[in-house]
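Visitor: Spelled out, the chains give:
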Amino acid sequence: NAGVTQTPKFRILKIGQSMTLQCAQDMNHNYMYWYRQDPGMGLKLIYYSVGAGITDKGEVPNGYNVSRSTTEDFPLRLELAAPSQTSVYFCASSRQTSGSGEQYFGPGTRLTVT
Amino acid sequence: GEDVEQSLFLSVREGDSSVINCTYTDSSSTYLYWYKQEPGAGLQLLTYIFSNMDMKQDQRLTVLLNKKDKHLSLRIADTQTGDSAIYFCAESPGSASKIIFGSGTRLSIRP
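Just so you know, the sequences run in chain order S and C. Residue numbers for the first sequence follow our numbering, beginning at 1 and rising by one. Residue numbers for the second sequence follow our numbering, beginning at 1 and rising by one.
In case anyone wonders, no lab produced these hints; they're calculated from the structure. Among the clues, some could well be false.
Said to hold, decoys possible - Here are the simulated lysine to aspartate or glutamate pairs, DMTMM-like style, with alpha carbons at most 20 Å apart:
#, chain 1, residue 1, chain 2, residue 2
1, S, Lys44, C, Asp3
2, S, Lys14, S, Asp38
3, C, Lys67, C, Glu14
4, C, Lys68, C, Asp26
5, C, Lys67, C, Asp3
6, C, Lys98, S, Glu79
7, C, Lys98, S, Glu59
8, S, Lys44, C, Asp58
9, C, Lys36, C, Asp58
10, S, Lys44, C, Glu5
11, C, Lys68, C, Asp58
12, C, Lys67, S, Glu59
13, S, Lys57, C, Asp3
14, C, Lys68, S, Glu59
15, C, Lys36, C, Glu5
16, S, Lys57, S, Asp73
17, S, Lys9, S, Asp73
18, C, Lys36, S, Glu102
Owing to the predicted nature of the structure, the values given are computational and were not obtained by experimental measurement.
Start from the sequences and build out the full structure, keeping to the hints where you can.
Guide: Set out below in structure tokens:
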């Protein structure tokens with residue numbers, strides 16, 4: 001299993017540009033998550049999904065959109081990028097939210113908006 | 001609301017024990033976790049403890065939970081250079097799809 005994969009690893013955007021961060025998992029997990037990690041801070045939940053076709057907002061959803069057309073993929077879309085979106089973005093997945101609820105993380109995408 | 005707090009930095013000598021502390025606010029937390037993040041990588045679950053336990057040991061790792069004080073600690077025995085990382089405390093309050101992370105404690109090892 002590759003686990004959780006994310007592309008790209010790095011990206012520089014100009015203000016106002018758009019892009020999609022890709023995330024895929026091959027563990028047949030129902031639950032998937034997008035977090036951002038700012039320097040010296042913990043992870044903030046952007047969006048999450050409990051299954052294909054179902055998404056919901058997390059703590060910091062403004063400026064982002066997601067879709068979940070398949071179990072495997074959970075892309076994160078940035079429209080009109082702003083400097084405040086400079087961060088490291090992590091995608092994660094889990095088998096369930098009850099039980100131990102362990103989340104498996106991808107390696108992250110480092111995004112800079114200038 | 002839910003909040004998880006930890007100190008930002010800890011420095012220990014190689015071979016000593018490291019103790020990383022965390023406090024949380026949600027008394028309904030079901031699971032409490034310790035995640036490890038190595039440079040340039042995502043988070044990886046180290047260990048977790050169920051809220052009805054007060055201690056869990058796994059090789060060099062010992063987790064202590066004081067539910068009354070909402071205090072969680074992670075002890076790493078015989079700390080090695082490979083233990084250098086950021087350690088995140090996290091809680092699951094039991095509501096759907098939510099894990100609340102602390103800001104992380106950066107552990108550095110002195111020779």
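Visitor: Holds or violated: are the alpha carbons of Lys9/S and Asp73/S at most 20 Å from each other?
Guide: 17 Å, holds
Visitor: Next pair to validate is Lys36/C with Asp58/C; report whether the Cα-Cα distance is within 20 Å.
Guide: Holds: Lys36/C and Asp58/C sit about 15 Å apart, inside 20 Å.
Visitor: Mind checking the alpha carbons of Lys36/C and Glu102/S for me, to see if they're no more than 20 Å apart?
Guide: Measuring from Cα to Cα gives roughly 13 Å; hence the hint holds.
Visitor: Would you check the hint for Lys44/S and Asp3/C, treating anything up to 20 Å between C-alpha atoms as holding?
Guide: Distance ~12 Å between Lys44/S and Asp3/C Cα, so the pair holds.
Visitor: Does Glu59/S sit within 20 Å of Lys98/C, going by the straight-line distance between their CA atoms?
Guide: 10 Å, holds
Visitor: Could you grab the alpha-carbon distance between Lys68/C and Glu59/S and see if it respects the 20 Å cut-off?
Guide: 27 Å, violated
Visitor: Would you check the hint for Lys67/C and Glu14/C, treating anything up to 20 Å between C-alpha atoms as holding?
Guide: Violated, at roughly 31 Å.
Visitor: Has the given pair, Lys67/C with Glu59/S, been kept, meaning a C-alpha gap of at most 20 Å?
Guide: 26 Å, violated
Visitor: Would you mind confirming whether the straight-line C-alpha gap from Lys44/S to Glu5/C stays at or under 20 Å?
Guide: Holds, at about 14 Å.
Visitor: Check the hint pairing Lys36/C with Glu5/C against an upper bound of 20 Å on the C-alpha distance.
Guide: 16 Å, holds
Visitor: Below or equal to 20 Å on CA atoms is what counts here, so check Lys68/C against Asp58/C.
Guide: 23 Å, violated
Visitor: Regarding the pair Lys68/C and Asp26/C, is the alpha-carbon distance no greater than 20 Å?
Guide: Since the Cα atoms of Lys68/C and Asp26/C sit roughly 11 Å apart, the hinted pair holds (cutoff 20 Å).
Checked against the numbered hints above, the structure violates hints 3, 6, 8, 11, 12, 14; every other hint is satisfied.
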